[in-house]
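Chains as they are written, first to last, in our numbering: chain B, 1 to 93; chain Y, 94 to 517; chain U, 518 to 1003.
Do not take every clue at face value.
Claimed, not checked - Looking from chain Y toward chain B, a few residues come up when the C-beta cut is under 7 Å (computed):
#1 E356
#2 P359
#3 K439
#4 H441
As the list claims (entries may be wrong) - Here are the simulated EDC-like cross-link-like pairs (lysine to aspartate or glutamate), alpha carbons at most 20 Å apart as the crow flies:
#5 Y:K152 x Y:D499
#6 Y:K439 x B:E90
#7 Y:K161 x Y:E334
#8 Y:K161 x Y:E313
#9 Y:K488 x Y:E313
#10 Y:K320 x Y:D126
#11 B:K23 x B:E90
#12 Y:K161 x U:E998
#13 Y:K152 x Y:E202
#14 Y:K439 x U:D939
#15 Y:K320 x U:D977
#16 Y:K439 x B:E73
#17 B:K23 x B:D71
#18 Y:K488 x Y:D126
#19 Y:K152 x Y:E192
#20 Y:K488 x Y:E132
#21 Y:K439 x B:D71
#22 Y:K488 x Y:D198
Calculated from the structure, these hints are not laboratory results.
Idealized CB from N, CA, C, for every residue including glycine.
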Amino acid sequence: MTSHRIARSRRSDRLEISFNGTKVEGYDGETVATCLLAAGFRSFGKGGVMQAAGRVYCAIGTCLQCVVTVDGERGTRACQTAVRPGMNVETDS
Amino acid sequence: MRKVFWRNRVLALGATAVAPEPSARTAARGCDDLPRSAEVVVIGGGVVGTAVAHRLAEKGIDVCLVEKGDIGSGTSSAAAVAALLQTKTSPPKVALALESLRLLDQMAEQFGPQFEYTRSGSLLVATSDEELRMVRSTATTLMSLGVDVELIGAAEARALMPALGPATIGASYSRRDATINPLSLVAAYAQAARRAGATLCTHTSVTGISTARGRILSVETTRGSVKTDTVVNAAGVWARELAEMAHVDLPIEPLKGELLVTEAIPPLVRGTIISAAYLISKTQLEHPDTGNGSQRSAGITVAQVARGNLIIGSTREPAGYDRSSTYGGILDLAEQLLRLAPSLAKLHIIRAYAGLRPITPDGLPIIGRSPGLAGLIVASGLGGDGLALSAVTAKLVTEIVAGADDDMLAVVSPERFVRSGVAP
Amino acid sequence: MSTTIYDVAVVGGGPAGIAAAAETAAGGARVVLIDATASLGGQYFRPPSVDVVHTSGRRRRKLEALGRWNDMLATHGVDIAGQTRVWGVFRASPAGPPASLGDDSQSGPFDIHCDTGQSYRASTLIVAPGVYDRPVPIPGWTLPGVMTPGGAQTLIDKYGLVPGRRVIVGGTGPLQLAVAASLIEAGADVVAMVDACRATDGLTQAPRALWRQWGRIGEITGYLATVLRHRVAVQFGSGIFEILGTEATGVRGAVVGRVDPGGFRIPGTERVVEADLVCHATGFLPSVELTRHLGCAHHFDERISAHVPTVDAQMRTNIANVLVAGDVTGAAGQPMATLQGRLAAISALETLALVSPTDADKHRNRLRPAAIREERFARMIWQRWHPRPGLMAGLQDHTVLCRCEDVTVEAVREACADGARDLYGVKLRTRLGMGTCQGLYCNASGAELIARLTDQRVSDIPMPSVRPPVVPVRFSSIVGERPERP
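Whole structure, please, built from the sequences with the hints as guidance.
What follows is the structure, encoded as structure tokens:
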């Protein structure tokens, strides 16, 4: 796994979200982007012109490359969306 | 010196970062040298000007087009994406539109695949009994004029346009309306015009039109003078200002229209959705003597471009030459969209823009020789129908230049304003 | 419509915005602070969202300082609208519907519309939107595993996540060293730190620029120590030419080589470095979408090679009641940003007659020595780390310029051959800048490329028009808008 959580952090409140049907681990305070990265997903999309790129590039919510569909709402910045238990994340169609 | 330093470095590294010379024969919109003279000078490089230049050049006429900015940088770049039959509010307009789309069909074959043009139809949607009555009467009229329109119920409307929500109670479906990418149309006209021998001079402003004894002598521009006796005024919302240079009055006013662009989504809307309110406001504002007042009125059209963005337009606001996007305009369009298609509530608007329609007192284009200055042919006042009527406008202008007759010329003639005394 | 009218709305919760909000409120004004993130601090403080243990004393002290600012905001009753982005500002008109900003006849308060579906009304605006990492389009820059250095820093500081194991930090800029140090402290292996500047660039100004800048000297020394201790290969006068990998594998490494003082590649110096994360940027771009939408005048700042809003010494712009502060005015760093936030606060209070002109000048004068120091520091920084023109050379035809719409260098080249001379002309012929980010990540590099192709100066390429919405906004946020009520 290229991306990983720093060992030196006390994580509390483990939770689970789902990404394209796969269960992904997360912790309270993290974002969709960091959970996906930690789970090994560096690409959240299909890539190419007609489909969402799905990358974490700027991580500050400006580049809009990381947008995913969260609980049915498309175009949501993964890097700015705090994870909640049971959140359903999908690649933007 | 610094520039030379950079260029030498670039060449030394073998990177091909320096632009090759623009080829006059293949470039769609590059800038040619201004000729000393031309048979016809077309002023305005939007959808009308390029269509006219193309058609004249194909007839073997020596045409020079002059445009103050980039090709298509005026109203044509701020348009919606439809060429509609259902919104044509009078028999002459319908006839013009039918002929224009027929010509575009022919040109689509010539222009090739980059020309984004499909006869994808339009749905005129009613959300109230009053609107339904209007939709029915419009459909009846259109049918009698030869437009392929049929009345359909709410369920069928939603089957055709899944985006529509429960507010839709009925609709009329016009099979032969078209969606066009306006910039690809302008580029196609310009490219074809060049190939046929026209000269396109962009970033060239007209500073005057020299006349003597009722004849045009030349067109003065920021890059020099072009001798000619025939000028086509295709300057859109600046057509009046241009005509004034030759002391000709032209009753053309700007009418602002705001539009919205959404994020790209998978294919959802094929063809154009038109809200009945759009047609109502168009009819009223085009005939201001039927009294609608000067408030902004909306009603919307919704279409989807190839890339996937939805284009929602347009307001109708008398605002002079102001092209800003206003809060009220954005809110109106958003409200209208959610009324028609509530399922799109979570979609993002990524851009708003606005354009200026060149409108006339009676809502019909002005095409013809100017009274008092025969050499100045007007081809303007197309209002919000520039895309739809560009091809037939070019045809009519070509006939005028050739001295040929056409039934359609009477109804669009500039003479009508002299007779009725509407012109200032 | 009954709406709270704030005296001041501050947009941006970084050092400048926090200082402006706190001091304006302390002066007696009614203030709302609008910020895009969940917790204030901007790109400088980056407070953690997870429970990260800080071993670094430097980081701890920073967060303590932020804590003091937050206390001040709370004490003086600043309303904070977090996770909120402004999509449009329009002048409230006394009668009738709100007009557009271009309408000079309107002088009413500002209606600030936000993507949360909330709107705020204020008579004065202080805009402190900051800067963002300036992207460098090179072959492979859109691969998974390529980020901006600030992006990596954000993931580490806020979320305790390291986005890679073998990292190359490249491009150029004053914060590369800090990012490299952070990555190392977080457990990553920084295999190379590549900067286009020369080791000695700007150092002649260092003695004056660093005079009394104890904090900074300490910081820089600390970062250097970390980097050197871990034997990071620090390469000056070097650049990343290409990033290697595929969509499926993500980043595998990069081609690194030497560049001349202009940033142009020196052929024959290339070598491949293996990595799974590349942090690449060249300095910063000011976030000018809102200031341009407001109609503020901008000028081209040669120092950072970007357009910035024009402000006077009191942080006023050409638009009445619009003040601008912070990095957006020229990326001069945090102490200057805080200082400018304070100056903006003074001006706002003066306009509101909450401070007399005499007292206002007294406050301003007290800040002058620091302002001069910070200006000297900024001059050195940008002397050393200014964007190099050579970064736009050696682009390959298939290199993507506009990420949102997949517009390549080749398409821009063809557009210029077809007569385009500026971004608008390129837009008429391609889809550059028409995607969701509306040009934020391609306008600057697009302008550089167009300038080279058409033999113009970058400063002469006008920025394309900015229209509302300046950030994407859902229909439901506009139609279901809730104006802030008292």
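For this session: Please work out if K23 of chain B and D71 of chain B have their alpha carbons no farther apart than 20 Å.
Result: holds (14 Å)
Exercise. Do the alpha carbons of K439 of chain Y and D939 of chain U lie within 20 Å of each other, as the hint requires?
Worked result: The hint is violated at about 34 Å.
For this session: Could you grab the alpha-carbon distance between K320 of chain Y and D126 of chain Y and see if it respects the 20 Å cut-off?
Result: holds (14 Å)
For this session: Assess, step by step, whether the Cα of K23 of chain B is no farther than 20 Å from the Cα of E90 of chain B, and give holds or violated.
Result: holds (12 Å)
Problem set entry | Interface hint for P359 of chain Y, Cβ within 7 Å of any Cβ on chain B | holds (5 Å)
Problem set entry | Given hint H441 of chain Y near chain B, where the shortest CB pair must fall under 7 Å | holds (5 Å)
Exercise. If you draw a straight line from the CA of K439 of chain Y to the CA of E73 of chain B, is it 20 Å or shorter?
Worked result: Holds, at roughly 6 Å.
For this session: Could you grab the alpha-carbon distance between K439 of chain Y and D71 of chain B and see if it respects the 20 Å cut-off?
Result: Measuring from Cα to Cα gives roughly 11 Å; hence the hint holds.
Problem set entry | Pair hint outcome, K488 of chain Y versus D198 of chain Y [Cα-Cα no greater than 20 Å] | holds (14 Å)
Exercise. Is the hinted pair K488 of chain Y and E313 of chain Y satisfied, with a Cα-Cα distance of at most 20 Å?
Worked result: Given that 20 Å is the threshold and the Cα spacing comes to 26 Å, the pair is violated.
Exercise. Does E356 of chain Y pass the interface hint, meaning its C-beta sits closer than 7 Å to a C-beta of chain B?
Worked result: holds (5 Å)
Problem set entry | Straight-line alpha-carbon gap K152 of chain Y to E202 of chain Y, limit 20 Å | holds (19 Å)
In summary, the structure is inconsistent with hints 9, 12, 14, 15 and 18 from the numbered list given earlier, while agreeing with the others.
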